[in-house]
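Peer 1: Listed below are the residues making up each chain.
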Amino acid sequence: MDGDRSSKSGLTRRSVLRAGAAALGTNSIFAPAVFAQSGFDWKRLKGQHLEVSLTLGPRADLWQKYEKEFEELTGISVGSEKVPEQQHRQKVAIEFASGNTSFDVATVSYHVQKQLYGRGKWLVDLRDMIKDPKLTNPDFDFGDFARGAIDYATQKDGRLDTIPINLDYWILYWNKELFQQKGVAYPRSFPEIIEAARTLNDPKNGISGFISRGLKNANVPVWTSFLLGYGVDPIDPDLTMHTDGTEAIEAGKIYQTLNKEFAPPGVAGFNWNECQTSFVLGKSAMWLDGIGFALPLEDPAKSKVVGKVGYGVMPPGPKAQRSALFGDGVGISTSSKKKEAAWLYVQWATSKEMNQRHLEGLYGAPARASAYAAVKASGKLTGPKAEWLDAMAGSIKIARAGLPDIVAVTEFRDTFGVALTNTISGADPATELKKATEAFKPVLAKTEKA
Amino acid sequence: MVGVRARRRLRRLAGRAGFAFAVLVMISPALMVFLWMISLSLKTEIENIAYPPVFVPETPTLDNFRHVFEASPFGRYIVNSLIVTGSATLFALAIGVPAGYGIAKAKAYRLAVLVLIARITPNLSYLIPLFILFQFLGLTGTLWPLVMTHLVITVPIVVWVMIGFFETLHPDLEEAALIDGATLWQAFRYIALPLARPGIVVAAILAFIFSWNNFIFGVVLAGRETRTLPVAVYNVLTFEQISWGPLAAAALVVTLPVLILTIFVQREILTGLTAGGIKGG
Amino acid sequence: MSAQAALVDTRRSHALWRRVSGGAAARGRPYALFVLPALVLMAAVIVFPWLFTGFMSLHEWKLSQARSFAGLDNYLRLLGDERFQWAALRTLYYAALAVVAPLVLGTVAALIFHRRFPFRGFLRGVFILPMMATPVAVGLVWTMMFHPQLGVLNYLLTSIGLPASLWVYDPGTVIPSLVMVETWQWTPLVMLIVLGGLAALPTEPYESAQLDGASAWAMFRHITFPLVLPFLMVAAIIRTIDAVKSFDIIFVISQGGPGTASETLNLFLYLQAFAFYDVGYASAVVAVFFALIVTLSLTLLYLRQRTQWSA
Numbered sequence: 001m002d003g004d005r006s007s008k009s010g011l012t013r014r015s016v017l018r019a020g021a022a023a024l025g026t027n028s029i030f031a032p033a034v035f036a037q038s039g040f041d042w043k044r045l046k047g048q049h050l051e052v053s054l055t056l057g058p059r060a061d062l063w064q065k066y067e068k069e070f071e072e073l074t075g076i077s078v079g080s081e082k083v084p085e086q087q088h089r090q091k092v093a094i095e096f097a098s099g100n101t102s103f104d105v106a107t108v109s110y111h112v113q114k115q116l117y118g119r120g121k122w123l124v125d126l127r128d129m130i131k132d133p134k135l136t137n138p139d140f141d142f143g144d145f146a147r148g149a150i151d152y153a154t155q156k157d158g159r160l161d162t163i164p165i166n167l168d169y170w171i172l173y174w175n176k177e178l179f180q181q182k183g184v185a186y187p188r189s190f191p192e193i194i195e196a197a198r199t200l201n202d203p204k205n206g207i208s209g210f211i212s213r214g215l216k217n218a219n220v221p222v223w224t225s226f227l228l229g230y231g232v233d234p235i236d237p238d239l240t241m242h243t244d245g246t247e248a249i250e251a252g253k254i255y256q257t258l259n260k261e262f263a264p265p266g267v268a269g270f271n272w273n274e275c276q277t278s279f280v281l282g283k284s285a286m287w288l289d290g291i292g293f294a295l296p297l298e299d300p301a302k303s304k305v306v307g308k309v310g311y312g313v314m315p316p317g318p319k320a321q322r323s324a325l326f327g328d329g330v331g332i333s334t335s336s337k338k339k340e341a342a343w344l345y346v347q348w349a350t351s352k353e354m355n356q357r358h359l360e361g362l363y364g365a366p367a368r369a370s371a372y373a374a375v376k377a378s379g380k381l382t383g384p385k386a387e388w389l390d391a392m393a394g395s396i397k398i399a400r401a402g403l404p405d406i407v408a409v410t411e412f413r414d415t416f417g418v419a420l421t422n423t424i425s426g427a428d429p430a431t432e433l434k435k436a437t438e439a440f441k442p443v444l445a446k447t448e449k450a
Numbered sequence: 001m002v003g004v005r006a007r008r009r010l011r012r013l014a015g016r017a018g019f020a021f022a023v024l025v026m027i028s029p030a031l032m033v034f035l036w037m038i039s040l041s042l043k044t045e046i047e048n049i050a051y052p053p054v055f056v057p058e059t060p061t062l063d064n065f066r067h068v069f070e071a072s073p074f075g076r077y078i079v080n081s082l083i084v085t086g087s088a089t090l091f092a093l094a095i096g097v098p099a100g101y102g103i104a105k106a107k108a109y110r111l112a113v114l115v116l117i118a119r120i121t122p123n124l125s126y127l128i129p130l131f132i133l134f135q136f137l138g139l140t141g142t143l144w145p146l147v148m149t150h151l152v153i154t155v156p157i158v159v160w161v162m163i164g165f166f167e168t169l170h171p172d173l174e175e176a177a178l179i180d181g182a183t184l185w186q187a188f189r190y191i192a193l194p195l196a197r198p199g200i201v202v203a204a205i206l207a208f209i210f211s212w213n214n215f216i217f218g219v220v221l222a223g224r225e226t227r228t229l230p231v232a233v234y235n236v237l238t239f240e241q242i243s244w245g246p247l248a249a250a251a252l253v254v255t256l257p258v259l260i261l262t263i264f265v266q267r268e269i270l271t272g273l274t275a276g277g278i279k280g281g
Numbered sequence: 001m002s003a004q005a006a007l008v009d010t011r012r013s014h015a016l017w018r019r020v021s022g023g024a025a026a027r028g029r030p031y032a033l034f035v036l037p038a039l040v041l042m043a044a045v046i047v048f049p050w051l052f053t054g055f056m057s058l059h060e061w062k063l064s065q066a067r068s069f070a071g072l073d074n075y076l077r078l079l080g081d082e083r084f085q086w087a088a089l090r091t092l093y094y095a096a097l098a099v100v101a102p103l104v105l106g107t108v109a110a111l112i113f114h115r116r117f118p119f120r121g122f123l124r125g126v127f128i129l130p131m132m133a134t135p136v137a138v139g140l141v142w143t144m145m146f147h148p149q150l151g152v153l154n155y156l157l158t159s160i161g162l163p164a165s166l167w168v169y170d171p172g173t174v175i176p177s178l179v180m181v182e183t184w185q186w187t188p189l190v191m192l193i194v195l196g197g198l199a200a201l202p203t204e205p206y207e208s209a210q211l212d213g214a215s216a217w218a219m220f221r222h223i224t225f226p227l228v229l230p231f232l233m234v235a236a237i238i239r240t241i242d243a244v245k246s247f248d249i250i251f252v253i254s255q256g257g258p259g260t261a262s263e264t265l266n267l268f269l270y271l272q273a274f275a276f277y278d279v280g281y282a283s284a285v286v287a288v289f290f291a292l293i294v295t296l297s298l299t300l301l302y303l304r305q306r307t308q309w310s311a
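Protein chains in written order, with this note's numbering: chain A, 1 to 450; chain B, 1 to 281; chain C, 1 to 311.
None of these hints come from the bench; they were simulated from the model.
Here the structure is a predicted model, which is why all the values come from computation and not from measurement.
Every residue gets a Cβ at the ideal spot worked out from N, C-alpha and C, and that includes glycine.
Some clues are possibly wrong.
Sample of chain C residues lacking proximity to chain B, with all beta carbon distances greater than 10 Å (derived) [unchecked claim]:
(1) Ala70
(2) Leu162
(3) Phe276
Far from chain B, some chain A residues (derived; all Cβ distances over 12 Å) [stated by the list, open to error]:
(4) Glu69
(5) Asp132
(6) Glu177
(7) Phe179
(8) Gln181
(9) Lys204
(10) Met241
(11) Val280
(12) Pro296
(13) Ala301
(14) Lys434
Which residues of chain A face chain B? A few of them, derived with a C-beta cut under 10 Å, are [to be verified]:
(15) Ser53
(16) Lys91
(17) Ala97
(18) Asn273
(19) Thr277
Isolated chain A (complex conformation):
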């Protein structure tokens, strides 16, 4: 766990913390020159305290790992916590709705909470802050963020209430060893995925040809990954639903075939962690999921497939080649009494330096263009890690939102997630998707009317 992921400092996490504690006050090993270069006054709000609420995951790990650095840089103390996704979403929403949050800064997932937060105007509009040179470090360089990421973060009314942290492109992880043994090549179309899965599937030896999320709600992105390849989005901006048309049904059939026939028994209850466990044990030949899992897959302490993982760009569908995109951002609570200090934290957390660490350490795909340039130039990612970076570059070009940009995303995921899970037990995809579409229509009409 404490393995060195910051090749920069060459220190383990624990020794960093120890050194950080020893260096308090005096010249610290932190606050690297880069942050201080521009002459921006980071220490302006010294002595304040911030509460930060993070979604459990690699980015939260990264931020907490370097939290001391921010405290040294600004003299602001930080109390941060990471909470599992589901609980985090629910707690944060209730706190916002009650009008007074216990935290100043919180992370948001665009594909689930964006519109909910936007409707409630629960997060501070950051546009004016970004323009204010007193509040914003000139090195923050807002233009460095990928255009698409900023568009993704921007609310329908033009407010920008978060800074994007991470973009999650869906890729196809494949086990090179298993592929080689059976002489299978990386699939280049949807039918080829099925064929490869069929060839590789070997239940007698406990090997599944394919694995992906079967758990309701979590499984919807798997289906939309295929749906996008048919050239349609689940729901258009004008609220036209494409969830029970030919494309949707075909995508549903692929989902069903892969998970019913070639995934391990019980996949109907699997989320990404069960899938990942199967994959790191070398028991699954292909795994379709977000790109953020390279770190554990290449960690010898956790993975039996180190060096054997292929990171494949999603193969093209009949109409288009698409990588389903999801993303997270960070924002400041409107009820925070320390908005300026919170903004300092957000600037630091989404700074060029942090984005570079983010990418270099395999924590996921950051939103700044400079991070990619820097990491490419440094040549630090080699072998499988370089392949991962290539898969990311390939996916960025074909990325498209994997879930509709609506308020009722959770209902959408739940309703269609149940339908998809049912297909794994043998239900007909067309019937299930029709039923789900009918059930979801009134919800959509109601929640989007405002």
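With chain A held as given, fit chains B and C onto it using these hints.
Peer 2: Same frame as chain A, but now just chains B and C:
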């Protein structure tokens, strides 16, 4: 003669063996789950997801426990849980024991139903209203909301157990005291209460355990500083792959106090409950 | 102190009244002060949520959106919501299993632990451990044991020649599997309650029955069972309330899945309130859910009254 005696002895022996087997069957599910939990918590991740499973760790390690305590302030969560559960239990005893007495003596079962409604109401339905209420009162971020909501769990248990208990206490002594001029309070305090001690112990233990184990109140009402143990355990779930070692270690940290308590006080729990049944005996 | 004085006063009038009437009719009043604090507290903690819930159930309100009065719309929506109705049926199915299994096993366990044998105390302690363990914690451990590929349960099954099961990972087996955990956890409670009943049994009926040459089963059926019935009723009430409201175990282990296969009312409620943030609709669910639990409990309470200890 000898044959008959031998056969009888054999039959008795077989009966005993059968009974021992029945006892074994009864306790083995409990035993196995907890042993497995301990096993998981002492193994490395590689051993934990090995198949066939590794039952006895080859090189037992405390790394999982270390990880749990390093990754989050578990010590603070333990203190939080102790404060919340302790206060909720003591307070419930203070008001629940007299209430149980009053209801039992007056045979006011309608009141009992009123108190029990708190126990009947789905806990989830308290969450949003109470969160907003505590926010309004400025209590969020403290342990007060948790203590108060845990009373919803502890008070009905205490009242319920004590009603059953006082119902079965022989009324003669108190009536004699009342006729001798004692007040109702005195009759309760000096006669019924000492007799009810085993019942109070049971009530306290049950209230403590149910409060200690409560998960859902903490999820919404506790914050970073006020989190209780069950919520903290759930948070050990990792983002990445299934990670059984730390999870089992965390689960053990939460359950160990109550498990040890149980082994030590099982006799009290039992005598408390049986004393509740000694009616006219 | 003044409260005590008041008690003295009421006590006097009470004693006087008793001497005059000699009846128990007026017994209730002086004891009111004993009950009052508990009642006030319970009211304080639960009345606001009730009012809030009742009020919200008449409104259309999703967190972050404007609230509007909706009359009985939410309740009408429940009538037409198939998913809700399935959840209600599933709850009854789940509860029936999760009440009966612990009652039967708990009675058997009590009969066993009622006898004397070496290490009885310690073994009894071990037996009641599951009910003391934190549900979330044991739920997580059970989840690990249920894993279809890596779980220890399937290993045990296959090693004694039985086919592996998908446990909570299959819609057909998820509820029985969850009930298994619930039974594992709550059989001890039933055992304790019944054991309390057994300890209080008089010995004479057994002696005379033995003289009459009655079989063990006949003695259980005609003597033990009727005498412990009131205790079983208490256990049944507690179990019913808890089984209908069961949340932690389902939430941790299956989250209501696969699909909606283990989505009970409480899980449905959780979904509406905390995943969809549909507070208005969720409040209507609470109201109906509450009515269901009250009905079930009152029925059982009525039965309990009929089987008083003194019976």
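Peer 1: Should the label of Glu69 of chain A as a non-interface residue stand, given a Cβ cut-off of 12 Å to chain B?
Peer 2: 19 Å, holds
Peer 1: Would you settle whether the hint for Lys91 of chain A is holds or violated, based on the nearest Cβ-Cβ distance to chain B being less than 10 Å?
Peer 2: 6 Å, holds
Peer 1: May I ask you to check that Lys204 of chain A keeps its beta-carbon over 12 Å from the closest beta-carbon of chain B?
Peer 2: Consistent with the label, Lys204 of chain A stays out of reach of chain B, its closest Cβ about 15 Å off (over 12 Å).
Peer 1: Is the nearest CB of chain B more than 12 Å from the CB of Gln181 of chain A?
Peer 2: 21 Å, holds
Peer 1: Over 12 Å to the closest beta carbon of chain B is the bar; see if Phe179 of chain A clears it.
Peer 2: Given a closest Cβ separation of 21 Å, the condition holds.
Peer 1: How about Asn273 of chain A: closest beta carbon in chain B under 10 Å, or not?
Peer 2: Given a least distance of 5 Å, the restraint on Asn273 of chain A holds.
Peer 1: Checking a non-interface call: every C-beta of chain B should be farther than 12 Å from the C-beta of Ala301 of chain A. Is that right?
Peer 2: Non-interface label fails for Ala301 of chain A: nearest chain B Cβ at 7 Å, not farther than 12 Å.
Peer 1: Does Ser53 of chain A meet its interface restraint, that is, does its C-beta lie within less than 10 Å of any C-beta in chain B?
Peer 2: 8 Å, holds
Peer 1: Since Val280 of chain A was said not to touch the interface, does its Cβ keep a gap of more than 12 Å from each Cβ of chain B?
Peer 2: Its Cβ does come within 12 Å of chain B, the nearest being 6 Å, so this is violated.
Peer 1: Using 10 Å as the Cβ threshold, decide whether Ala97 of chain A counts as touching chain B.
Peer 2: 8 Å, holds
Peer 1: Could you let me know if the closest chain B CB is still more than 10 Å away from the CB of Phe276 of chain C?
Peer 2: 13 Å, holds
Peer 1: Is Lys434 of chain A truly not at the interface, in the sense that its beta carbon sits beyond 12 Å from all beta carbons of chain B?
Peer 2: 32 Å, holds
Checked against the numbered hints above, the structure violates hints 11, 12 and 13; every other hint is satisfied.
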